[in-house]
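Student: Letter by letter, the chains look like this.
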Amino acid sequence: MNLHEYQGKELFAKFGLPVSKNKVITTADDAVNACRDIGGKKWVVKAQVHAGGRGKAGGVKLVSTPEEAVEFANHWLGKRLITYQTDSNGQLVNSILVEECTDIAKELYLSAVVDRGTQRIVFIGSSEGGVNIEEVAENTPEKIIYEPIDPLTGPMGFQSRKISKVLGLDKEQSKQFSKMLPQLTDLFTAHDLSLLEINPLVITQGGKLHCLDAKINIDSNAVYRQPEIQAMHDPSQEDPRESEAAMSDLSYVSLDGNIGCMVNGAGLAMGTMDTIKYFGGSPANFLDVGGTATQERVSKAFKLILADPEVKVVLVNIFGGIVRCDLIAEGILAAIEEVGVSIPVVVRLEGNNADIGSNTLAESSAEIVSLNNLEDAAKKAVELSK
Amino acid sequence: MSILVGKNTRLLVQGFTGSQATLHSEQSIEYGTNIVGGVTPGKGGQTHLDVPVFNSVHEAVESVQPNASIIFVPAQFCKDSILEAADAGIKLIICITEGVPTLDMLIVKKRIDELGITLIGPNCPGIITPGEAKLGIMPGSIHLQGSVGIISRSGTLTYEAVKQTTDLGLGQSTCVGIGGDPIPGTSFIDVLKMMEADDQTKAIVMVGEIGGTAEEEAADYIRENVSKPVISYIAGQTAPAGKRMGHAGAIIAGGKGTAADKIKKLKECGVHIAENLLQIGVKTKEVLG
Chain F
1 MNLHEYQGKE LFAKFGLPVS KNKVITTADD AVNACRDIGG KKWVVKAQVH
51 AGGRGKAGGV KLVSTPEEAV EFANHWLGKR LITYQTDSNG QLVNSILVEE
101 CTDIAKELYL SAVVDRGTQR IVFIGSSEGG VNIEEVAENT PEKIIYEPID
151 PLTGPMGFQS RKISKVLGLD KEQSKQFSKM LPQLTDLFTA HDLSLLEINP
201 LVITQGGKLH CLDAKINIDS NAVYRQPEIQ AMHDPSQEDP RESEAAMSDL
251 SYVSLDGNIG CMVNGAGLAM GTMDTIKYFG GSPANFLDVG GTATQERVSK
301 AFKLILADPE VKVVLVNIFG GIVRCDLIAE GILAAIEEVG VSIPVVVRLE
351 GNNADIGSNT LAESSAEIVS LNNLEDAAKK AVELSK
Chain A
1 MSILVGKNTR LLVQGFTGSQ ATLHSEQSIE YGTNIVGGVT PGKGGQTHLD
51 VPVFNSVHEA VESVQPNASI IFVPAQFCKD SILEAADAGI KLIICITEGV
101 PTLDMLIVKK RIDELGITLI GPNCPGIITP GEAKLGIMPG SIHLQGSVGI
151 ISRSGTLTYE AVKQTTDLGL GQSTCVGIGG DPIPGTSFID VLKMMEADDQ
201 TKAIVMVGEI GGTAEEEAAD YIRENVSKPV ISYIAGQTAP AGKRMGHAGA
251 IIAGGKGTAA DKIKKLKECG VHIAENLLQI GVKTKEVLG
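For the protein sequence lines, the chains are F and A, in the order given.
Under the numbering used here, the residue at position 10 of the first sequence is numbered 10, and the numbers go up by one with no gaps.
Under the numbering used here, the residue at position 130 of the second sequence is numbered 130, and the numbers go up by one with no gaps.
Derived from the structure by calculation, the hints contain no laboratory data.
Do not rely on the hints blindly, as some may be mistaken.
Dumping the calculated DSSO-like pairs for lysine-lysine here, alpha-carbon to alpha-carbon at most 27 Å [stated by the list, open to error]: (1) K277/F <-> K110/A; (2) K265/A <-> K162/F; (3) K143/F <-> K106/F; (4) K61/F <-> K106/F; (5) K265/A <-> K277/F.
All values derive from a computational prediction rather than experimental measurement.
All chains, please: the whole structure from these sequences, using the hints.
Tutor: This is the structure we're talking about:
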């Protein structure tokens, strides 16, 4: 689950990290009061969406009058911001963050992730901030530090000093960073983060470290124990079909093709998509119905797939496992009847009682092609999609 | 032989009386697995599926001496259940449950490594040594005792590989589903090491998927340490970058962990690639000659 920048900064502030004085507004008129409450003569206004690359897309602006802030808000509120990180529809802007302007002396990069390799929370720091960090990692790896945190000890002073050195901090800044590192680690563990990124972390003209951005992702497996985070959930930033799927415990990702896919298991779902491409077709979605393909789940899945107008054929690939395939077949038929499927459905069932299941499907009146191996089923679906 | 599990496995089931655990335990018993008891706190003293239920793993260890435990408890209790089994001295723990918080696994993994315990999973189908013992949720009927060791991050993809090697008469020595989570208890490398040392295993099928660098690390290990032929299939070759495909494991970030990266690296390290899901069995047969 992702958070907005302003929500990330709320958490930063709660853990004692330095962020700019700010206000979040949802109507343009509020911009005037926001600027006045913050004070100063310059403000930064930032469209709040779950995507990076906002600056280049015009979603961030430096303004020197409250009227300019109102104009910016009027322009963006209710519109969709398209950046290189969004799809072609962009993300809906529902709120704007108004911030006090920070005078920047230098931009740095700092993030923390759960690293699969070391199996630790790892801090990643670089003296090169505000830019594409992947390019820095590739071209000048010596400018990046990866510092894993032992879960037993937490971050130690020597680690803070190591990171400070790579960031190029002076003595005072290093001292400030030695307080920030434990605060960031506490935030990471207390709220079950999977990613925390400050790009840029800046050194101000006054020589202080300051968090100018806040990107936070939460481990979706742990959201159940994070009530504060649950309250920050913004469904407007998600693909409506993807969030509807998540509500039904289905895993769905929409893609550009025209063959709807319904598969049990994420790996097999990807394998099925690969197979469709291999035979010259194009999948309309990734959809994992989970280990137990009950009628209810299958119905939901059909509804999701058919909501995509591009879909011309549905390929169902179920490796029955312990669930009997004859029961799955009955579930598929009931779901097709319930949902009113009017396009061809190709079904491949494998596992216990697959033969009985295939017969049930073959004998039904619905427009179903039942094939018992994936190669034939995928070829058939591709043929029907043309 | 075979690895990790076999005729001598004495299995304990944690979360025993729940519906999933009951269903899969029945199937495992039918397959011939020796389930010696189960644990459900508060239900100690009862009998379930003709074996005793205990309140704790420690009580079960004292009474029925299990040497492996399989966990079906809900995700929020998995950390506790794994560490309970570890504390009670069980050396092989299989966690089937999906949805375990990653930070729980960071702590669990550190602890089980200290104790020298093998944890399979979480979010996995389990382990099976065909004809001997089934510790997991895989369908027993598609397996055949044989010579191919199978390791996979994905459940139903493992079944696909199993089915193909069974249909071609090759069969399997042991199949291990290591699970698709970011911090798995056991890595590809851990299992490759065991399969290399196992007499029954003549070839190894490694089924990977996009995300992370586990396959790349396995490739380096294979080049240096594995003399047996390894056949690999990587799922997610057509997944668009940046989209998360269900598994926590299946994330492409920053150009790392794509199917193309993995396949290139595996080829460089002498691994045979099944270009398509449908070719896993055929490729294995071809390599075995």
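Student: Check whether the Cα positions of K61/F and K106/F lie no farther apart than 27 Å.
Tutor: holds (19 Å)
Student: Is K265/A close enough to K162/F, meaning Cα to Cα at most 27 Å?
Tutor: Violated - the C-alpha atoms of K162/F and K265/A are around 32 Å apart, more than 27 Å.
Student: For K143/F and K106/F, compute the direct alpha-carbon distance and say whether it is at most 27 Å.
Tutor: Holds - the C-alpha atoms of K106/F and K143/F are around 15 Å apart, at most 27 Å.
Student: Tell me if the straight-line CA distance from K265/A to K277/F falls inside 27 Å.
Tutor: Distance of about 22 Å is within 27 Å: holds.
Student: Going straight from one Cα to the other, do K277/F and K110/A come out at no more than 27 Å?
Tutor: Roughly 41 Å separates the two Cα atoms, so the pair is violated.
Going through the hint list in order, the structure does not satisfy hints 1, 2.
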